Amino acid sequence: MQPLFESTLLCERADLSVGTRAMSALKPSLQQVGEPDLGHIQAMLNHHELFRGECKRLIVETDQVCERMHDDNVKHLDQRVREIQFLRKELELKLEELVVEIDALLNIKSRVVKALDACKEPLRVTSLCLEERRKRGPSARLHDDVNAELRKEKLVLEEVTVLLENVEKQITEQIRLNRSAKYRLEKDLTEKSTAENIDASCLLMNVRSINLPDGSNAVPPSLPVAQTQWENISNLNLDKAEQQRRSSESLRVLVETVLQQTTADIQKQVQATTTAFQLNIQQVKSHKLQIEEKLLKVVAEINSQQMIREDLQVSITKKQELLSLAQARLALRRQRPGKEQCHDPAQVQISAHVQQLTVSINKLHEDVARSEHEQRALVRCQVSLQEAVNTKANCLYIDEVVCKQLREPFPYMV
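Start counting at 1 in the sequence shown, then tack on 3, and there's your number in our numbering.
Hints were generated in silico from the structure; no laboratory data involved. Nothing here was measured: the structure is a model prediction, and the numbers come from that model. Do not take every clue at face value.
[Claimed, not checked] Listed below are the simulated SDA-like cross-link pairs for lysine to any residue, each with C-alpha atoms no more than 25 Å apart in a straight line:
id, residue 1, residue 2
1, Lys59, Ile44
2, Lys157, Ser113
3, Lys366, Ile353
4, Lys243, Arg187
5, Lys195, Asn76
[Said to hold, decoys possible] Restraint-style ranges between C-beta atoms, simulated for each label pair:
id, residue 1, residue 2, range
6, Glu124, Asp242, 44 to 54 Å
7, Gln263, Glu234, 38 to 48 Å
8, Ser307, Gly341, 50 to 60 Å
9, Glu194, Gln263, 36 to 46 Å
10, Glu99, Ile201, 17 to 27 Å
11, Glu70, Thr193, 29 to 39 Å
Idealized CB from N, CA, C, for every residue including glycine.
Working from the sequences, and respecting the hints, build out all of it.
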């Protein structure tokens, strides 16, 4: 356009100079002769006719150029609108995918939070069961299988809690990255929509629709952006959004695996602990029953010892009476006259009877003492067995009543 207008301007200046020279040449002739120079006038008319033809040609050429450039403007504006629409659809599609991914992450994050909350009560109960089992008697306070499984259960719950807390932090960070990518997409979409509306308005504009105030046609200065740079901005936003979407998808798969694995680990350990409780309860009941049977036998033996000791005392009393009788007979027979005091069979028999009774009474006293000693040993055994029974009963109460009631109200599920 600029070279064409410059050539037109040069033509106009040349015509003006020619006309000026013709007029200057015409003046002396008129002045000298006093009559108009028709030849010069005709030359001037011819010149102006040529000038008018040149102007019409210039008008036609400029009209064609302007129309062609206007068509090119419309074509490029339409192409630009289509390009913006294409990119805008790509951005909208990626934004929709990212919004869905953010919602999915929020959903799985709520599941992780629920899983964390679900671990708190089992961990508290496991610790409480360990504390309750420390209240058992010293003989039962040894580390058995139940204690070992309870400690494993506590360790598993603590490790799962730490793992889920880390997973929650990763999800929160990924949601932040997704929202950042979403913000860039939304900003790009807003700018694309604005640009599309402006270019669409430019397409609809014509010379009759221009209604701009004075000075509004001045274009504000702006930083030039190359076509490739313009495309790269949106492509970069799309690539970042796609990268975060894939990261989110991978993270969700990982979290699903973690939730399933932690649930399986907790259920497996809880089942092992429950089995240990059941076996221990059966063993304690069986042992307690054996002790109670022994205790009954010991109590019966104590009663038997008491009865036999009473029988021994009765026997001693009877024999002491017989001994007193025999001794009285011997004493009375010593009062016989001198020649009558001979060791006759009666004297021998009574003396032998006294000796036999004395020996028997001494043996009976020994048996009484032995019976008392045996009874004291049986009583100590009874006390020991009774303490063992009480200890087993206390263990059963803690395991079968307290711990069982603590573990039953809630499911050990993540």
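Here's how the hints hold up against the structure:
{"no.": "1", "hint": "Lys59 to Ile44", "verdict": "holds, 23 Å"}
{"no.": "2", "hint": "Lys157 to Ser113", "verdict": "holds, 24 Å"}
{"no.": "3", "hint": "Lys366 to Ile353", "verdict": "holds, 20 Å"}
{"no.": "4", "hint": "Lys243 to Arg187", "verdict": "holds, 9 Å"}
{"no.": "5", "hint": "Lys195 to Asn76", "verdict": "holds, 19 Å"}
{"no.": "6", "hint": "Glu124 to Asp242: 44 to 54 Å", "verdict": "holds, 45 Å"}
{"no.": "7", "hint": "Gln263 to Glu234: 38 to 48 Å", "verdict": "holds, 43 Å"}
{"no.": "8", "hint": "Ser307 to Gly341: 50 to 60 Å", "verdict": "holds, 54 Å"}
{"no.": "9", "hint": "Glu194 to Gln263: 36 to 46 Å", "verdict": "holds, 43 Å"}
{"no.": "10", "hint": "Glu99 to Ile201: 17 to 27 Å", "verdict": "holds, 25 Å"}
{"no.": "11", "hint": "Glu70 to Thr193: 29 to 39 Å", "verdict": "holds, 35 Å"}
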